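Participant: Each chain, letter by letter, is given below.
There are 4 protein chains.
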Amino acid sequence: MASKDQAEYVDAIVQVRYAETDQMGFAYYANYFVWFEVGRTNFCRARGFTYADLERDTETFIPVIEARCQYKQRVCYDDELLVRTRVKEFHRLMLTFSYELLDRRTGALHAVGETRHVFTGSDGRPKSLPGKYRAYFE
Amino acid sequence: MASKDQAEYVDAIVQVRYAETDQMGFAYYANYFVWFEVGRTNFCRARGFTYADLERDTETFIPVIEARCQYKQRVCYDDELLVRTRVKEFHRLMLTFSYELLDRRTGALHAVGETRHVFTGSDGRPKSLPGKYRAYFE
Amino acid sequence: MASKDQAEYVDAIVQVRYAETDQMGFAYYANYFVWFEVGRTNFCRARGFTYADLERDTETFIPVIEARCQYKQRVCYDDELLVRTRVKEFHRLMLTFSYELLDRRTGALHAVGETRHVFTGSDGRPKSLPGKYRAYFE
Amino acid sequence: MASKDQAEYVDAIVQVRYAETDQMGFAYYANYFVWFEVGRTNFCRARGFTYADLERDTETFIPVIEARCQYKQRVCYDDELLVRTRVKEFHRLMLTFSYELLDRRTGALHAVGETRHVFTGSDGRPKSLPGKYRAYFE
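Residue numbers (the numbering used here), protein chains in the order written: chain B, 23 to 160; chain A, 23 to 160; chain V, 23 to 160; chain X, 23 to 160.
Derived by calculation from the structure, the hints in this document are not laboratory data.
There's no promise every hint is true.
Copies of the same chain look alike in the list, so a pair counts if it works inside one copy or between any two.
[Stated by the list, open to error] No more than 20 Å apart at the CA atoms, straight line, and that leaves these computed lysine to any residue pairs for SDA-like:
(1) K94 - R127
(2) K110 - Q37
(3) K94 - T82
(4) K110 - R90
(5) K110 - Q92
(6) K94 - E136
(7) K94 - K149
(8) K154 - R39
(9) K110 - G146
(10) K149 - I87
Just so it is clear, the structure is predicted and the values come from calculations on it, not from any experiment.
Go ahead and model the full structure; you've got the sequences and the hints to work with.
Facilitator: As structure tokens, then:
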């Protein structure tokens, strides 16, 4: 199912919510990381599985161990954004996603970011990603 | 431990976060329900137990089945608020909290609210509150 | 533009985010009110204007003065929901929306809610809704 | 008011809210950035001013242009944390805070992070920090 041919990145659409703005009049900085999560969820679905299933079926979790974001242009309420998600690095014990946040209409770049993850069981201990899921990230 | 003498209400202090404001320049309305939750957590502790322990030790959860809030005066970033929490009604299968949100310094009333809860197991099915915890809410 | 023929309700699609769950394993109760806001935003657009423009062009805000929600069935991460939004009551100084939260596939009802609003200027003082916008809510 | 003697760092206390957990059973990763903001707010107050006043009195804003966090140990509902905030770098046009997130009781390190900021007017354009505020960050 996963192959060299599969799209290198996956776009998710996010529309900025009023709840996500702050009194400065733009989207609050922590919310970009929520949008990155929307990007990851959508990336998994586009590759052929759901993260919800992965958690449920294999008791594997993919917590974040490092996150970063560079904010380039402010984002406003009701803006339509693309969260462009890529796997930057993947091996059995670690997974790094990179993100670009783009204006859906103009293509303007609003932010870039990265999240690094490990695989754990429900007890929080490291484990390796179950074999059948590895191909999805390659 | 629980007795007629115990305080009828418990006050929790909440300081409004920048994240909780929106572009209108005041706190976003959904966050009041988060503050009510802070009030509940603090109510439990003041009564002699923690909600975290109740969940962990008895696998009992207290999900919300109804919530309401009346917004009286806007709340600003950095305001110090009191969340005044009371048990309004309690029986074996149901629990209702009421809340007042007050300015900590002036005592001005910013909002009133209510949340109604049931008791469930980790499977989401109704159960009755374990006996040792009932006295805390009476 | 607004007429008797216009749809009585407007549906917005919401996909439950991981950020919106809590350790009970379902969506946290305050987030339903954020989804209601998504419903309102979408309602406005379907009626022919954007709430962002209304704020910007007329310096009119529509803060919430009362909100309520009844939770009927738990909502899980990645669930696709419909937020079905209606104007329940409208006059020059007040606006009430009602909401149904439905499973997009099964149509199962997860929650019902209501938000009541007033119209204010940027100073927070009541004003009446500018005339050109009234038809949108009728 | 600001002097070499002033404390190098300022500690804010944060108690993890139920709303801040996710279905993995720990605090959701984006919320750490909200806690960093609580750290900044508290840092300002400890240095002798409030960020709210700075915004209001001088129409100066301090938006984030870069943020990062390393997650070391998971954080649970009801945990009491210290957000230890320092100015890492400061000059007229730029400000960098660093953060340590510690367990209040054990002192265990849960996370470290950094946010980089610029100074802007309400129009979002860069400006330099008004003179009277510079000493607070030195």
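Participant: Taking the hints in turn, state whether each one holds.
Facilitator: Hint check:
1. K94 - R127: within (17 Å within a copy, 38 Å between copies)
2. K110 - Q37: neither (25 Å within a copy, 25 Å between copies)
3. K94 - T82: Between copies only: 19 Å across, 34 Å inside.
4. K110 - R90: both (14 Å within a copy, 17 Å between copies)
5. K110 - Q92: both (17 Å within a copy, 18 Å between copies)
6. K94 - E136: both (14 Å within a copy, 17 Å between copies)
7. K94 - K149: between (36 Å within a copy, 16 Å between copies)
8. K154 - R39: Classified as neither: same-chain Cα gap 36 Å, cross-chain 24 Å, threshold 20 Å.
9. K110 - G146: neither (24 Å within a copy, 32 Å between copies)
10. K149 - I87: within (14 Å within a copy, 35 Å between copies)
In summary, the numbered hints that this structure violates are 2, 8, 9.
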